[in-house]
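Undergrad: Here is how the chains run, residue by residue.
There are 6 protein chains.
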Amino acid sequence: MFHHSAKLQYPVKVDKPNPEFAMLLQQAIGGVEGEIRVAMQYFFQAMGTRGDDRIRDLLMSTATEELAHVEMLGHAVALNLEGAPVSYQEATAKDPVMNAILGGANPRHLLSSGLSAMPVNANGVPFDMSHIYATGNVAADMLANVTAEASGRVLASRLYNWTDDHGMKDFLSFLIARDTYHQQQWLAVIEELGGLGAHLPVPNSTPEDHEATQHSYYYLNTLLDKEAPKGRWGEGPSFDGRSQFSVRNQPAPEGQEPTLGMAKEKSGAQKEQIDPSK
Amino acid sequence: MFHHSAKLQYPVKVDKPNPEFAMLLQQAIGGVEGEIRVAMQYFFQAMGTRGDDRIRDLLMSTATEELAHVEMLGHAVALNLEGAPVSYQEATAKDPVMNAILGGANPRHLLSSGLSAMPVNANGVPFDMSHIYATGNVAADMLANVTAEASGRVLASRLYNWTDDHGMKDFLSFLIARDTYHQQQWLAVIEELGGLGAHLPVPNSTPEDHEATQHSYYYLNTLLDKEAPKGRWGEGPSFDGRSQFSVRNQPAPEGQEPTLGMAKEKSGAQKEQIDPSK
Amino acid sequence: MFHHSAKLQYPVKVDKPNPEFAMLLQQAIGGVEGEIRVAMQYFFQAMGTRGDDRIRDLLMSTATEELAHVEMLGHAVALNLEGAPVSYQEATAKDPVMNAILGGANPRHLLSSGLSAMPVNANGVPFDMSHIYATGNVAADMLANVTAEASGRVLASRLYNWTDDHGMKDFLSFLIARDTYHQQQWLAVIEELGGLGAHLPVPNSTPEDHEATQHSYYYLNTLLDKEAPKGRWGEGPSFDGRSQFSVRNQPAPEGQEPTLGMAKEKSGAQKEQIDPSK
Amino acid sequence: MFHHSAKLQYPVKVDKPNPEFAMLLQQAIGGVEGEIRVAMQYFFQAMGTRGDDRIRDLLMSTATEELAHVEMLGHAVALNLEGAPVSYQEATAKDPVMNAILGGANPRHLLSSGLSAMPVNANGVPFDMSHIYATGNVAADMLANVTAEASGRVLASRLYNWTDDHGMKDFLSFLIARDTYHQQQWLAVIEELGGLGAHLPVPNSTPEDHEATQHSYYYLNTLLDKEAPKGRWGEGPSFDGRSQFSVRNQPAPEGQEPTLGMAKEKSGAQKEQIDPSK
Amino acid sequence: MFHHSAKLQYPVKVDKPNPEFAMLLQQAIGGVEGEIRVAMQYFFQAMGTRGDDRIRDLLMSTATEELAHVEMLGHAVALNLEGAPVSYQEATAKDPVMNAILGGANPRHLLSSGLSAMPVNANGVPFDMSHIYATGNVAADMLANVTAEASGRVLASRLYNWTDDHGMKDFLSFLIARDTYHQQQWLAVIEELGGLGAHLPVPNSTPEDHEATQHSYYYLNTLLDKEAPKGRWGEGPSFDGRSQFSVRNQPAPEGQEPTLGMAKEKSGAQKEQIDPSK
Amino acid sequence: MFHHSAKLQYPVKVDKPNPEFAMLLQQAIGGVEGEIRVAMQYFFQAMGTRGDDRIRDLLMSTATEELAHVEMLGHAVALNLEGAPVSYQEATAKDPVMNAILGGANPRHLLSSGLSAMPVNANGVPFDMSHIYATGNVAADMLANVTAEASGRVLASRLYNWTDDHGMKDFLSFLIARDTYHQQQWLAVIEELGGLGAHLPVPNSTPEDHEATQHSYYYLNTLLDKEAPKGRWGEGPSFDGRSQFSVRNQPAPEGQEPTLGMAKEKSGAQKEQIDPSK
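Protein chains in written order, with this note's numbering: chain Y, 4 to 281; chain F, 4 to 281; chain R, 4 to 281; chain E, 4 to 281; chain V, 4 to 281; chain B, 4 to 281.
Think of the hints as simulated: they come from the structure by calculation, not from any bench. Honestly, I wouldn't trust all of these hints.
Repeated chains share a single entry, so a pair holds when one copy, or any two copies, can fit it.
Unchecked claim - Calculated lysine to aspartate or glutamate pairs in the EDC-like style (CA-CA distance at most 16 Å, straight line): (1) K172 x D228; (2) K10 x E257; (3) K229 x E85; (4) K19 x D167; (5) K274 x E211; (6) K19 x D278; (7) K19 x E268; (8) K233 x E260; (9) K172 x E195; (10) K19 x D243; (11) K274 x D18; (12) K281 x E268; (13) K233 x E93; (14) K19 x E275; (15) K19 x D173; (16) K19 x E85; (17) K269 x D212.
So that you can see chain Y by itself, here it is in the shape it has in the complex:
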């Protein structure tokens, strides 16, 4: 069950409101690198956790923190929209260029939300929940979480680099810090469960006889006009400790030519395609 404190996790200040930066911040709310995504991803992973119960607690607890990040970002967006123009006249008084009054702003901050945050990204595209990755496999899920925090910190850093507002820089430095930790938190789960090597290949519960292992350790170079690039992917022991990496250049197909023959009657094809005896 969830509870709420009326105060924000960390102070959020805006020195100089900027509707365009409100638009950019939306990516951290409703983008695939954003906070709704991690909040919901950890929440659903928590609800599906099987095995070590500590991991369920970690996931639920961090989902709860991420909701507080959404809340701070929502406030940051509203503060950046404070005083934004609501008429063309008001807008042109500030900026005489005729064709780009709303410029890089989100017109729906004006039209749809009454100058506050929306669950959309920086293009105004609503977040959709297909981005909640929760497989029921703890290794796959932890990797997904490290990935989410990595792209989240890339985004927060780009927002930090963009803005010259001190309030916003301070707030973003907090998000950058928490992403630093969360990347390592999920890696720590993998270490706690035995380390990455022990978990490869994911899922490590797949019996080896379900796998055509003769195809499990080579890099397939499909480039016709270049050799395979040299590197660790093509030589040395595999990370799962089962084999050696190698390279296969210019591979030839091993399968058949896929022909389906004529169509069945009543299948809605043209009569030229149909074999009536089928």
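For this one, chain Y is given, so just place chains F, R, E, V and B on it according to the hints.
TA: Coordinates of chains F, R, E, V and B only, in the frame set by chain Y:
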């Protein structure tokens, strides 16, 4: 530039067509764990690669291989739909239960595609390209790729476990094998570039003074009625070598109560909300 | 800022797991009538509240409760999937009908989530955040919230009517009760702010001279072959106290025929459409 | 069956074309507050009406009117795009600022539609039909309709406030007027059917023994650091006439801690999560 | 402006209700081959028509007819759901198979719409308006319309082939007939405007010097292991009368290797990717 | 199986990078008129081809070429973003206008992709695979392909008209040329299979007794206030050689008034709608 061989990468056989398994296989084509996703993800990452050019080649070459996996899966779906009924009469002749003739099958395999594969998942939801993760940050992207291959191999293993068709099991054992390799291929890139530690926190180009580092190394336990679970995430050196992990239980908010005050005139609010002087 | 208790708001029991009911319950998680929707809708409305601060607290507090409803439903889905078959062989041992093994179940509960809940509806379509209605106008938002709770209770009642599982019926009776209250909670806000009449027409801040009031009070009957149905909508005082309702049958157009003329050169039209002087 | 008059319902004039306002108007066509939405919502509700047949006629008749509103808005968009630049050279001749030639305009008005309206919102996101709320429950549907007309009139008022074009203001004053009526039209249906009280809680056909009524009348304050705000939601008789409202502060969970135990074999989890006997 | 007759365009009868067929019919309502799509496509094309005004009238008039088709299909769905079970007990009384009670039915017909039609396809995926193709180029639009009617008639034929209900077959034979006409109606527009040849290549207003015409008339065979298939595409005069078709086998790239070099500082890349001088 | 050459199909140069043009080019990558769409459409049609195997080869070979077009466009986008500002300060140094720094650019090129291409359109909306039209009917599919190439060439021409960059114009002239050919390539398939007349109505395998042919050849004029426009659609022989076109003005409905009666008990309606005996 791309080229094509008419033959499949690996043989695809179906012993006993099964429209329901055709539906399940769609997840490996158009699901978020599927092959269109990795093909397009590696393709777009390749096109945006900056830095070590070997990585662009790896990405493009593997994108090209994944397209061949889509092709095999598409053929597998069509073979599983071979001879599927196109009329209620034909269907009930095989199965007399009235209310579930189409059962677990995808009705659009009948209605929309003429008994062949579609770029949709096992619920019939079309794949959408928001799932192509390509950040321009090589560490974030490699982690995304390991994740994609991990969830892909989880899916292939579940499909293998489900089916009792020998042809399909053989084909899936090939996909499982390639996912084994690809997980490690992307990890090998990280190793080649200096190892995961050197890349943390992602992005490692963010200057430390952009970060509120006092918030970068503690686990925040937002659970009110439980202590933080004990584990590596709360103790020991951080993986980026900069600090020690710790735990903060029952955190109190540090920020303000976020109040926006009255609404602006002409902003479309109710008059009870509006401060006309604003 | 948010916090979490490890226990559920209300006990959730399943007497006899049923994968098909797991699929139906998804509508209450990821459907437009579901709990993610109200949680996020109240959350975003709270963040955008301007005017009476009590309403922000109500919204945030109830958003927080709705997250607990998602959590219970997520557990209910997982319990209904307990012991579900993971192979065709296991499935057919229970049910010998060949073409509908997975029948009304969600195949992605098997393939994608490892037998746990997903943020999707009963068709497997992911929830998308365009359904978060938060306009910044308190009357429009409260009406949206009553609507959401009304459709939510319709859904919970249908689920209750469908299932014959005592555990599930008990759990659903709790959701039905909370929806009973929440419908009235949002109506109480309208009453507290002066009653519905005082808020009509929404927004009540629109000056009357922005409105062609000669068109504000008649029912337009566009049906060619029937008189307008008789009822309160066509007679008696308007609810905003400004006029009387009336009926206009078989209305004639008052506007012009909308013709755009020829296309501009270089606009990508066919040359037959283009006027080169334009 | 539908019919059409070639003329518009109301005159649509644009004094000074403005591609940016064309973008804003799109919200009233393809936004969730827009006219396609209400047209289709009333249409589908009409087709599913059971009970009083007058309501079907009202719904279908008003759906038909809303289609005429889409038509007028479509013309308004095209008129605002009249003469818009189709080359960079033409654009920069009007406006010498290099980086924001298209500014707040929709680039797809140029690229995709040939300077005419599209079924998208002001961010260019296509309308999707998941927003058609039609539950088969007349009270839930009427509330949804009042809500739609309320947010629609908020939008029309914001557009009116924004523009300084006399033609557009006149046209929008007509839409504002019709939304005034339609809000009250749907409220009149509720009154005609016995008034809102008689319909609460929605659905009023749910037997009271399907409901844990001990949970039906209290406001749950999940805020940890604030008392529940005082107001009508926490005291006085309930609107359905069955009880009294009350407040429950700082609620404790009543349910269990939701633990799922170990995963099933062959379910695709990591082996660390699996209980082979399950 | 639109008007409505209360009666249907053509009689709709169902001899034996079938919830599964209700699900299949949804494809003709909310599928990409369905009637909402053509109604809205013709409507938006009409609103954007420039040039010959007759075409606007044809488009609007046929859009209006297609709305009547949606209406008939909506009624057909509701009739197929007449008497469908609303409880598990009622369902199992008819059908004792435990795992597939809802089988091929749409669970949201039960849960969300109250046994009536929804604007979704046969997978329950809502229709989205990105499928409204309206380019402002009359030839491209007419081709899109012929395509839509072709796929529409394929769908109607498949539905006809599937059902054994006489009422439904009669109704579908009407839809099949109208699609027969509408395919040819749009082809007749092309003929009326001078024939297909005169309109190629679309757009025919593109000046020839905007085109690298040396690349305009060969078939590019990218298959490595097969000759180009022989046929009209590789020989004979081009249909636009400007050249001869030919074949280019095993084409070599003519462009450069696309390398982006190092990343810019502050662009969020890893430091290994960054050139600080950039 | 697919292969790749490291070089591009055609040279791609940008004389003067322009972030706004990068945004416009996205329509040709991820728009419905774009290259991902045709690549995937031809790919899925190829996998579902039944009948003449030459057509499968044509489809797969051209799908492969279209992938190379995506690759060139992706490079063109990155080149247009070369040197784009990554901070507000850097941006305002170039352009002093405060409210439209990012103007017509895609903010996610900055925030999400690290200044490279994304699989989205010019509004930033991700491509979704519902746009892959592949019906299994060769005539419907070829028409869909001609349509796609027509709208693709309209788009390429508009991009050509817009830009004043010589490198981009040269590149676009190549795309325009290939679209010229591909339009005719798919028409050539229809000619090779007997010509369009022989394929009408699509599907030509539908038996004539599945069709209410008395409704197959008239234009239905639903306009109340105008006669049907005169033209080939209303007179002369039908293109399928079976009948003559005619016109039906002001049509009256032939069907019943669609009434559903009362709702079923336990169906979630209001009690006012319910007939308990049903």
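Undergrad: Is the C-alpha distance from K274 to D18 at most 16 Å within one copy, between copies, in both cases, or in neither?
TA: So K274 and D18 fail the 16 Å test inside a copy (71 Å) and across (28 Å) alike.
Undergrad: Since the copies are identical, ignore which copy is meant and state whether K274 and E211 lie within 16 Å (CA to CA) inside a copy, between copies, both or neither.
TA: The answer is between: 13 Å across copies meets 16 Å, while 48 Å in one copy does not.
Undergrad: Indicate which option fits the pair K19, D167 if close means a Cα-Cα distance not exceeding 16 Å: within, between, both or neither.
TA: within (9 Å within a copy, 27 Å between copies)
Undergrad: Which holds for K10 with E257 at a C-alpha limit of 16 Å: within a copy, between copies, both or neither?
TA: between (63 Å within a copy, 7 Å between copies)
Undergrad: How would you classify K229 and E85 at a CA-CA limit of 16 Å: within, between, both, or neither?
TA: Result: close neither inside a copy nor across copies, 56 Å intra and 26 Å inter.
Undergrad: Regarding K19 and E85, is the shortest C-alpha distance of 16 Å or less found within a copy, between copies, in both, or in neither?
TA: within (9 Å within a copy, 29 Å between copies)
Undergrad: If the cut is 16 Å between Cα atoms, do K281 and E268 qualify within a copy, between copies, both or neither?
TA: within (7 Å within a copy, 41 Å between copies)
Undergrad: Should K19 paired with E268 be assigned to within, between, both, or neither, using CA atoms and 16 Å as the limit?
TA: neither (69 Å within a copy, 21 Å between copies)
Undergrad: Are the CA atoms of K233 and E93 at most 16 Å apart within a copy, between copies, both, or neither?
TA: neither (61 Å within a copy, 38 Å between copies)
Undergrad: Regarding K172 and D228, is the shortest C-alpha distance of 16 Å or less found within a copy, between copies, in both, or in neither?
TA: Neither: 47 Å inside a copy, 28 Å across copies.
Undergrad: How would you label the pair K19, D243 (within, between, both, or neither) given a Cα cut-off of 16 Å?
TA: Close neither inside one copy (53 Å) nor across copies (35 Å); limit 16 Å.
Undergrad: Cα distance capped at 16 Å. Does K19 pair with D173 within a copy, between copies, both, or neither?
TA: within (14 Å within a copy, 36 Å between copies)
Checked against the numbered hints above, the structure breaks hints 1, 3, 6, 7, 8, 9, 10, 11, 13, 14 and satisfies the rest.
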